[in-house]
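A.B. asks: Chains as they are written, first to last, in this note's numbering: chain A, 202 to 421; chain B, 4 to 109; chain C, 5 to 490; chain D, 5 to 90.
Because the hints were derived from the structure by calculation, they are not lab data. The C-beta atom is built at its ideal place from N, Cα and C for all residues, glycine as well. Keep in mind that a hint or two might mislead.
Claimed, not checked - Anything over 10 Å on all C-beta distances counts as not near chain A; from chain D, calculated:
#1 Leu9
#2 Phe11
#3 Leu13
#4 Ala30
#5 Arg52
#6 Ile65
#7 Gly68
#8 Leu69
#9 Gln85
What the hints assert, rightly or not - Pulled a few chain C residues facing chain A out of the computed Cβ check, cut under 7 Å:
#10 Gly191
#11 Leu195
#12 Pro207
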Amino acid sequence: MKAWLTALTVLLCSGLALALGGAMLALPEFAVRLPAQVTANLDTSGVSHPVTAVLLNFRGYDTLLEVAVLLLALLGVFALSRHADEHAPRATPAHPVLQTLARLLAPLMVLVAGYLLWVGAHAPGGAFQAGAVLAAAGVLLRLAGLLPAWAQPGRLLRGGLALGLLVFLAVAVAGLPQGSLLHYPVSMAGALILLVEAGLTLSIGLTLAGLYLASAGAKR
Amino acid sequence: MSAALLYALAGAALFAIGLAGLLLQPHLLRKILAFNILGSGAFLILVGLGQRDGIIDPVPQAMVLTGIVVAIAATALALALARQLLDLTGQMRLPEDRPDTEPADD
Amino acid sequence: MTDFPDPLPWLIVLPLLWGTLAFLLGPGRGGRLAIAAIALQGVLALQLAGQLLDDGSRVYAVGGWGAPLGIDLMADGLAAVMLLLTQAVALPLAVFARGYFAASPKGRELFWPLTGFLLAALNALFVSADLFNIYVTLELLGLAAVGLVAIAGGRQPVTAAMRYLFATLLGSGAYLLGVALIYGSYGSVSLAVLTPLLTSEAPLAVTLAAALILTGLLLKTALFPFHFWLPPAHGGAPAPVSALLSALVIKASFYLVLRLWLELFAPLATVAAAQLIGALGAAAILWGSWLALTQTRLKMLVAYSTVAQVGYLFLLFPLATLVPLGAADSAVQGGVMQAVAHGLAKAAMFAAAGSMIVATGRDDIGRLGGVGARLPLTLFSFGLAGVTLMGLPPSGGFSAKWLLLMAALESGQWWWVAVMIAGGLLTAAYVFKVLRRAFLPVAEGDRVTRVPRTLEFSAFALALAAILLGLFGAPLLELLAVGRAA
Amino acid sequence: MTPALAFDLLLIAALLWSAARALTIADVFHAVVLFIVFGLLMALAWARLGAPDIALAEAAIGAGLTGALLLDAVGHLRARQREPEQ
Chain A
202 MKAWLTALTV LLCSGLALAL GGAMLALPEF AVRLPAQVTA NLDTSGVSHP
252 VTAVLLNFRG YDTLLEVAVL LLALLGVFAL SRHADEHAPR ATPAHPVLQT
302 LARLLAPLMV LVAGYLLWVG AHAPGGAFQA GAVLAAAGVL LRLAGLLPAW
352 AQPGRLLRGG LALGLLVFLA VAVAGLPQGS LLHYPVSMAG ALILLVEAGL
402 TLSIGLTLAG LYLASAGAKR
Chain B
4 MSAALLYALA GAALFAIGLA GLLLQPHLLR KILAFNILGS GAFLILVGLG
54 QRDGIIDPVP QAMVLTGIVV AIAATALALA LARQLLDLTG QMRLPEDRPD
104 TEPADD
Chain C
5 MTDFPDPLPW LIVLPLLWGT LAFLLGPGRG GRLAIAAIAL QGVLALQLAG
55 QLLDDGSRVY AVGGWGAPLG IDLMADGLAA VMLLLTQAVA LPLAVFARGY
105 FAASPKGREL FWPLTGFLLA ALNALFVSAD LFNIYVTLEL LGLAAVGLVA
155 IAGGRQPVTA AMRYLFATLL GSGAYLLGVA LIYGSYGSVS LAVLTPLLTS
205 EAPLAVTLAA ALILTGLLLK TALFPFHFWL PPAHGGAPAP VSALLSALVI
255 KASFYLVLRL WLELFAPLAT VAAAQLIGAL GAAAILWGSW LALTQTRLKM
305 LVAYSTVAQV GYLFLLFPLA TLVPLGAADS AVQGGVMQAV AHGLAKAAMF
355 AAAGSMIVAT GRDDIGRLGG VGARLPLTLF SFGLAGVTLM GLPPSGGFSA
405 KWLLLMAALE SGQWWWVAVM IAGGLLTAAY VFKVLRRAFL PVAEGDRVTR
455 VPRTLEFSAF ALALAAILLG LFGAPLLELL AVGRAA
Chain D
5 MTPALAFDLL LIAALLWSAA RALTIADVFH AVVLFIVFGL LMALAWARLG
55 APDIALAEAA IGAGLTGALL LDAVGHLRAR QREPEQ
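This is chain A alone, in the form it adopts within the complex (with noise of 0.2 Å):
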C-alpha cells in the first residue's frame, strides 16, 4: 500500500513536470514587456540599478510587506523560542584561532555590507545583501562565542529589528499627500530610497541574525 502511493506520488510529480516542460516550449510572443518600461523610467527612478528601481520604488510595495514578513517569522520564532527549555543560554567558548579569526572578520564584514548598501543605487547590491553579510558577521561572532544568543530582546534590540518598517512606512505615508502611497518626488527619489535601505539594512541584518540566534543559537 505504502509502496504503491510513493509510486503513485512520484508518478505524479513526474507527469507534472512533463507538462510544465511541454507547456514551456509552446509559449506565445510575450503580450506585455517589462524591460523596456524599466529602461524608460530609470530616470525618474531616483536609482540606476534597475533591479534596485523595481524593488525599492516600481515594485516597493511589495518590499514593504516582505519586510513585514520577516518580521513576523522572527515573531513566530521568538514565541517559540520562549517556550523552549530552560536551558541557560550562554556563549560557548569557541576555539581561539576562530575568535581571532572572527574579531579579524566581523568589522570587515561590517564594512562590506556598508559598501553593498551604497553600490545598490547603480550596481548589483542593496540592502537584502548587505543586510545578509551584516547577519553573517553576527552568526560568526554567534559561532566564536563572542556573542550570546537571545533569550528575549531587550527594548533596544526590538527598536532595532522595528526600525526598517517603521521608516518604510514612514516615508510610504509620507507619498500620501502628494498623490499616493510610496510617491516619491522625482528631486528626492534617491535620497528616499537610499534612507530606506539603510534602515532597511540594519534591520534586516539583526532580523536575519535574529531569526539564527533565537532559535538555532539559544542552546548548546
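We have chain A already, so just place chains B, C and D on it with the hints.
C.D. replies: Relative to chain A, chains B, C and D alone:
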C-alpha cells in the same frame, strides 16, 4: 532554445523533485529542504521564462529577491517549529495518527 | 477622490503600524492600542464602502506608477464587503482577546503584534490587483496564522502549527508557480492587464497556471479533501486565535478563488470543473458535519463545523458557472453572504466556546454541565451562532442558503438542495449536542466559574450581528453589486 | 555544442543531482551539506541568467544563512538523539 528557457525547464524538474520530497519524506528537516528546492524551481521558472527572449528582465529578478527573503522567513519558522516538536516529542516527524484522535495536553 | 485621509492605503498601513508598535511596547502589551486602531479601521472601511456606493469601484496606483510597471490596488463591492467583515469580526474579537488573555495568559506575549500583521495581510489581500503582490500577502497571512496557532506552545498546538505551515507553504508554492507561468506567458502580473489577454484559446501554460493557482488556494481554504490540517490548527489554538482563523483567514483564499474564477480565469471555466468543486463542497458539508457530531472536545467540534461550512461556500461555483445570469447572480450573492454570516457566527461560536472552556477549566463537551446556569449569555450566543450555521430564519445564514437555494432551482440543479438540507440537519444535531450538555446541572467534582463580562458580551455582539445580517442584509448586497458586470 | 551550452547543461545536471540526493540520502547531515551545495550551484545559475543581485542573495541567504540554520538544527537533533529517552 535560449539558455534562459533551459533553466526554466530545469526549474520545472526542481519543482517536481521538491514536491515529491515534500509529500513523501516524513522527516521534517527533509520536508524543509524539499520546500526550499520547490521554491527554487518556481524562482528559476519565473526568471527563466521572463527572459526567454534573451532580454534581461529586472522585474522577475526583483520578485525572486523578494521570494528568497520570504523563503528564509518560512524556513526559519519551520525550523523553530521542528525543534520545538523535537523537544516535546523526541522526534522530528509529524505523528502518523489521525489528528482528531490526538489527546489534548493540558 | 481627494478625501483626507484616503481610507484605502490606511487600511493596510494602520494595522502594520500598530502591530509593529505593539511589538515595540513589549510582551503582552498593545491590547488597548489594537482595539482603538481596529475601531478606526472599521470607520475607514465604512468610509471606503460609502465612496464605492457613490462613485463605483476604484483603482489605486501605489507609488503613482500604475500597472503593469507598478502595483495597482483595486477596491470594488466584493473587496469592500470582505474589508467590512474583517474589521467587524476583528473588533469584538480584540475585546474578547483582552479579557481572554487576562484570564488565561498562555500565549498572550506576542498575540497583538501577530494579529496586527494578520489583519494587515487580510486588508492588503482583499484590495490587491497584482498576482505577485497577492503572493506576498498570502505569505504574510500564512506565517502570521501559523505563528498564532503556535503561540501557546504544547505538543498538540505545535504539531498542528507544523502541519498547517507545510500545507500553507505547499499552497503558496503552487500559487507562485502559477504566477511564474503567467508572467512567462504574457509578461505581466497585473490583473487589469491580464484579464483582456486571457481568452479561451490561452496556451497550455496558462491553463496549467490556473489549475495550480486554484489548487493551491483550495488547499489554503481547507476544502475537502484538503481539510486535514484545519481541525487540529483551529481546535488547538487559543480561542481568540481559532476565531480569527476560522472566521477570516480561510475566507481570504476563498475570496481569491472566487475573484479569479469569476474574472481572470472565467474564459477557462468549464461545467465539469465547477461541478467537481461543488462536489468537493458537498462532501465537505456531509463529512465535516458528521465528524463534528462525533467530537468529544468542544473546540474540535467547532473546528469540524468550519470544515463543513466551508463546503457551502463552494456550492456557488456550479451554481454560477455557465448558467442563466439571474441564477449566477444569486449564487454569488449567496456564497458571499455565507462567507460573511459564517465569519460572524463562527467567531461568536469560538468565542463562546473559549468562555465555556475558561469557565469549566477544560475542553470537554461531556463536562459542560452547569454552563447553562452560570453563563446563560454565552450559551445563548452559542445557540444564536448555531441558528446561523443551521440556516434558520431570520439569520444571515438563512439568507445565504436561501440565495443558494434559489440559484440551484433556477439553474435546475436540485441535487445541491438535498445536500444543503442534509447539512442543515447535521448542523442542528451537533449544535444541540452541545446545548443539551450545557443545560445539565454541574457534575459532581466539577465547578463552573464566572468569566469576565467582556468575554460574554463580545461573543454575544458577534452572534447578534450574524442574526441581524439576515434582517438587514440588503445594503450589503447592494454594496456587493458595485463594480460587478450586471 | 558551444562551451556555454555545455556549461549550462552540466550545471543543470549538477543542480538536479544535488537536489535529488539531498532528499534521498540516508544521513540528515549529508543531506544538509548537499543542500548547501545546491544553494551555491543555484547562485551560479543566477549568474548565468544575468541576475547578479539574486546570485549574491542566494549565496548569502539561500546557501549561507539557511545552511547555518539547518546545520544547527542537525546538531540539535544529534545532541537530542544521544540523550536517553525521557
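A.B. asks: Hint by hint, say whether it matches the structure.
C.D. replies: Taking the hints in turn, this is what the structure says about them:
no., hint, in the structure
1, Leu9, "holds (17 Å)"
2, Phe11, "holds (21 Å)"
3, Leu13, "holds (15 Å)"
4, Ala30, "holds (16 Å)"
5, Arg52, "holds (14 Å)"
6, Ile65, "violated (5 Å)"
7, Gly68, "violated (6 Å)"
8, Leu69, "violated (6 Å)"
9, Gln85, "holds (15 Å)"
10, Gly191, "holds (4 Å)"
11, Leu195, "violated (13 Å)"
12, Pro207, "holds (6 Å)"
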